[in-house]
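Engineer: Sequence:
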Amino acid sequence: MLNYIYQCSKITSEGKVLKMATFLNRIEAIGKEMTNSEKKIVKVLLNSEKPFLLTMNELSKLSGVSEPSVVRFYRRLGYSSYQELKVALAQENLNEAEPANIFEEIELGDSPQQVFEKVVEQSIIALNTTKHMINYEALNHAAELIGKAKRLFFFGHGSSGIIAEDAAHKFLRLGETAISMNDAHMQSIAASHMNEDDVIFAISHSGESRDLLEVLKQAKANGARLIVITGFSKSSIAQMADALLVTSAKETEFRSDAMVSRIVQLAIIDSLSVITVLRKGKVAIDAVNRSRLAVAKLKT
Numbered sequence: 000m001l002n003y004i005y006q007c008s009k010i011t012s013e014g015k016v017l018k019m020a021t022f023l024n025r026i027e028a029i030g031k032e033m034t035n036s037e038k039k040i041v042k043v044l045l046n047s048e049k050p051f052l053l054t055m056n057e058l059s060k061l062s063g064v065s066e067p068s069v070v071r072f073y074r075r076l077g078y079s080s081y082q083e084l085k086v087a088l089a090q091e092n093l094n095e096a097e098p099a100n101i102f103e104e105i106e107l108g109d110s111p112q113q114v115f116e117k118v119v120e121q122s123i124i125a126l127n128t129t130k131h132m133i134n135y136e137a138l139n140h141a142a143e144l145i146g147k148a149k150r151l152f153f154f155g156h157g158s159s160g161i162i163a164e165d166a167a168h169k170f171l172r173l174g175e176t177a178i179s180m181n182d183a184h185m186q187s188i189a190a191s192h193m194n195e196d197d198v199i200f201a202i203s204h205s206g207e208s209r210d211l212l213e214v215l216k217q218a219k220a221n222g223a224r225l226i227v228i229t230g231f232s233k234s235s236i237a238q239m240a241d242a243l244l245v246t247s248a249k250e251t252e253f254r255s256d257a258m259v260s261r262i263v264q265l266a267i268i269d270s271l272s273v274i275t276v277l278r279k280g281k282v283a284i285d286a287v288n289r290s291r292l293a294v295a296k297l298k299t
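Note that numbering that gives the first Met the number 0 has the sequence shown beginning at 0, numbered continuously upward.
Because the hints were derived from the structure by calculation, they are not lab data.
The reader is advised that the hints may include incorrect statements.
What the hints assert, rightly or not - Simulated crosslink set (DSS-like; lysine-lysine; CA at most 25 Å straight-line):
#	residue 1	residue 2
1	K49	K38
2	K60	K117
3	K130	K149
4	K233	K149
5	K169	K149
6	K39	K147
7	K130	K117
8	K216	K147
9	K117	K85
10	K85	K49
11	K49	K169
12	K85	K147
13	K298	K38
14	K279	K149
15	K60	K39
16	K149	K49
17	K130	K38
18	K38	K85
19	K49	K39
20	K42	K233
21	K169	K279
22	K169	K298
23	K296	K281
24	K49	K60
25	K298	K279
26	K147	K117
27	K216	K233
28	K42	K85
29	K147	K279
30	K219	K281
31	K147	K281
Work the whole structure out from these sequences, hints included.
Structural biologist: Below, the structure written as structure tokens:
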């Protein structure tokens, strides 16, 4: 079922796949954390000839769940009423769209071209899905926290540490005091000296890194504010966030969801750096120019 969702979730310039993008992207957004009741409801909606004609009572009975479960389901997807969900299903004409062969698993016999094309498609799907599921209020709040901070700390472990370094580089070029750390001991020392003027940008796909979790608890206790990028909205680290930015990525046999999520994490960081430039205006632009000149001197 979820493979079907991923197959249909890419936004294209023609055909019914475009019409389906919004609803299916909302479904995919909660895919990893979907409850058993939600899975039953989704199965009925995908397999019904005309799901938009089902009453709430009918959907409840066919799914084998209570009506309150249906209410929680459509609210979790962002619909304010059951009627709004039905309208969305009708507009997207879910039953008539044929699964497009636009998401394929990478296989052992694939050529380099096939591998490249599939990797690119996976990244496009992850970006499009995140675009539909991201909380733009949280994105704005993250930008506000960055704007008020005296120091920005970018924390991540493993591959997330590489993303943290890239993020610190971007904000350092804007004239911010931006520091990247990927060692738990160094992070812990830094956290012990933080205060309400500091903002931590924590990057953790799983949101369950034990060492990072302990560091963030210490920093929060000292008054630091926390921006989190993660793939799991209910993870331990996500629950601590002042601004939570959730990504979407699908795991395949040869490529983990954490690998796919990197491109989405970079897109979020790029967006926040651009928002910072727009809000700071000439001050940020002058800082970027000074950074360019400083690097240019090393190349002569």
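Engineer: Given the hint that K147 pairs with K281, does the C-alpha gap stay at or below 25 Å?
Structural biologist: 17 Å, holds
Engineer: For the pair supplied as a hint, K296 and K281, confirm whether the alpha-carbon distance does not exceed 25 Å.
Structural biologist: Distance of about 23 Å is within 25 Å: holds.
Engineer: So if I understand the rule, the pair passes when the alpha-carbon distance is 25 Å or less; does K49 with K38 pass?
Structural biologist: 18 Å, holds
Engineer: What's the verdict on K85 and K49, does the C-alpha distance respect the 25 Å limit or exceed it?
Structural biologist: 10 Å, holds
Engineer: Decide if the proposed pair is consistent with the structure: K60 and K39, CA atoms, cutoff 25 Å inclusive.
Structural biologist: 11 Å, holds
Engineer: Within a Cα-Cα threshold of 25 Å, do K147 and K279 meet the stated pairing?
Structural biologist: The given pair, whose Cα atoms are some 11 Å apart, holds under the 25 Å limit.
Engineer: Quick one, are K233 and K149 close enough, alpha carbons at most 25 Å?
Structural biologist: 29 Å, violated
Engineer: With the threshold set at 25 Å, check whether the alpha-carbon distance from K298 to K279 stays at or below it.
Structural biologist: 29 Å, violated
Engineer: Tell me if the straight-line CA distance from K169 to K149 falls inside 25 Å.
Structural biologist: 16 Å, holds
Engineer: Can the restraint linking K219 and K281 be considered satisfied, given a maximum Cα separation of 25 Å?
Structural biologist: 32 Å, violated
Engineer: For the pair we were handed, K42 and K233, check the Cα-Cα distance against 25 Å.
Structural biologist: Roughly 23 Å between the alpha carbons, so the hint for K42 and K233 holds.
Engineer: Holds or violated: are the alpha carbons of K42 and K85 at most 25 Å from each other?
Structural biologist: Distance of about 15 Å is within 25 Å: holds.
Of the numbered hints stated above, those contradicted by the structure are hints 2, 3, 4, 6, 9, 11, 12, 13, 16, 25, 26, 30, listed in ascending order.
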